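Student: From first to last, the protein sequence lines are chains A and B. All residue numbers for the first sequence refer to my numbering, where the first residue is 1 and numbers rise by one. All residue numbers for the second sequence refer to my numbering, where the first residue is 1001 and numbers rise by one.
Hint data in this document are derived by calculation from the structure and do not stem from the laboratory. No experiment lies behind these values; they were computed from the predicted model shown. Beta carbons are placed, not taken as given, at the ideal position from N, Cα and C, and that holds for glycine. Misleading hints may appear alongside valid ones.
Here are some chain A residues pointing at chain B (derived, C-beta under 10 Å) [to be verified]:
1) 83
2) 109
3) 110
4) 111
5) 115
6) 125
7) 127
8) 128
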Amino acid sequence: MNKKDLISITDYTKDDYLRIMDLAAEFEKNPNQDLLKGKVVASLFFEPSTRTRLSFETAISRLGGRIIGIADPGSSSVSKGETLHDTIRMVSNYADLIVMRHPLEGAARYAAEVASIPVINAGDGANQHPTQTLLDMYSILKTQGRLDNINIFMVGDLKYGRTVHSLLMAMSEFENQIFNFIAPEELLMPEEYKIHLRDKGIKYYEHREFTDIINAADIIYMTRVQKERFSDPIEYEKVKNVYILREKMLRNTKPNVRVLHPLPRVNEIHPDVDKSEKAYYFEQALNGVFTREAIIAHTLNLK
Amino acid sequence: MKDTNKKKLKLKVSAIKDGTVIDHIPASNLFDVITILGLNKIENQITFGTNLESEKLGSKAIIKVSDKFFADDEINKIALIAPHAKLNIINDYVVTEKKIVEIPDSVQGIVKCFNPKCITNNEAIFTKFKVINKSPLALKCCYCEKITDKEHLQII
């Protein structure tokens, strides 16, 4: 049996991305469809993530599926020392699909190898979180009307931020993109991603300052700059207020520009941006439900 | 001068009738090579010498295994730690074939992933890597997707 796992964003081809986009639009129009009727989905959250878990469980519920699972690893067999291998083998016998979040990197790929049923990765440590990327893409498509010819600004922690890395990989499959990276010296986009863009002939520019260069943007993708990422606390103090987006900074930006953020935010987007029509991060989160419905339907061949 | 040195070296480890001679192993990696090839678990006669002088490596090791002929994918496993190893296939005391090792495209179960947060370092899992660059060596873990380079290479 050839099962369709979704572990890394690069498991999907460009055609798969487009298919998910089509399905997500369909679910947005008609979110309640009984496609998962009679099916059981295991929602295994080996580390707490309320936002992602609720989004998935809403998607499953709207598709008419039943959910079994772990929401609190402290109260499950995991705390008794059961291996991931054994938990996955057991759950494979009960459910039709596994949605899994795990603190260790590579746990999702391993679970997919062990499981006889498909696995969707809802985040494995700092490694991958592909459903976030697909909902980011759906948000770009919805707000820009296209996935090619996008000028994307990525701001903040570009070194450790898995969401920006995956989004870069996925968006680089589409034509005529321009990437702009705004990050402090300590948190620059890693070389491997820049090599990937150069190999594909895609233009990118790097900036240290967050200035009116954003006026050229179609998408501003904000991320958190976390204090614990800095080896030198003085460096953090220097940059912590440099990458904060204020409403006034958006005044001369293009009318179609939208501000995205994987959430939760801390202080990198000032609350005064919330009322701007260019703020899109809360709608972006809602798009997650439709996108996850699409991913589940695609994974189980329900559409 | 060189030729006499070489002859002396050869004499330090006795000749075999049939089998394989693995030469030019970095002396410090001899025992890893033995483990990777499972030579500690077979019944064949094996002789080895280590800390021998080598112009190329400074000090080298050599292994002679009687009545053993390795398949290419088996021997290529040692390429990660003995990239300059040379094989002489011996039949009736005569070298009948010479081979060099090649770094394979994938590496399974030999190397430890350098990422402490990788699942393979937390549960009993056979490691798997894709070789994304042979020189300098770069191994991408098939699980956590992090890259282990030569500097962080550790044999299990």
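Student: Each hint: holds or not?
Tutor: Results for each hint:
1. 83: It holds, given that the least Cβ distance between residue 83(A) and chain B is near 6 Å, below 10 Å.
2. 109: holds, 5 Å
3. 110: holds, 5 Å
4. 111: holds, 9 Å
5. 115: With a minimum Cβ separation of about 14 Å from chain B (threshold 10 Å), the hint on residue 115(A) is violated.
6. 125: OK, holds: residue 125(A) within 10 Å of chain B, min 5 Å.
7. 127: holds, 6 Å
8. 128: Given a least distance of 7 Å, the restraint on residue 128(A) holds.
Against the hints set out earlier in the document, a violation occurs for number 5 only.
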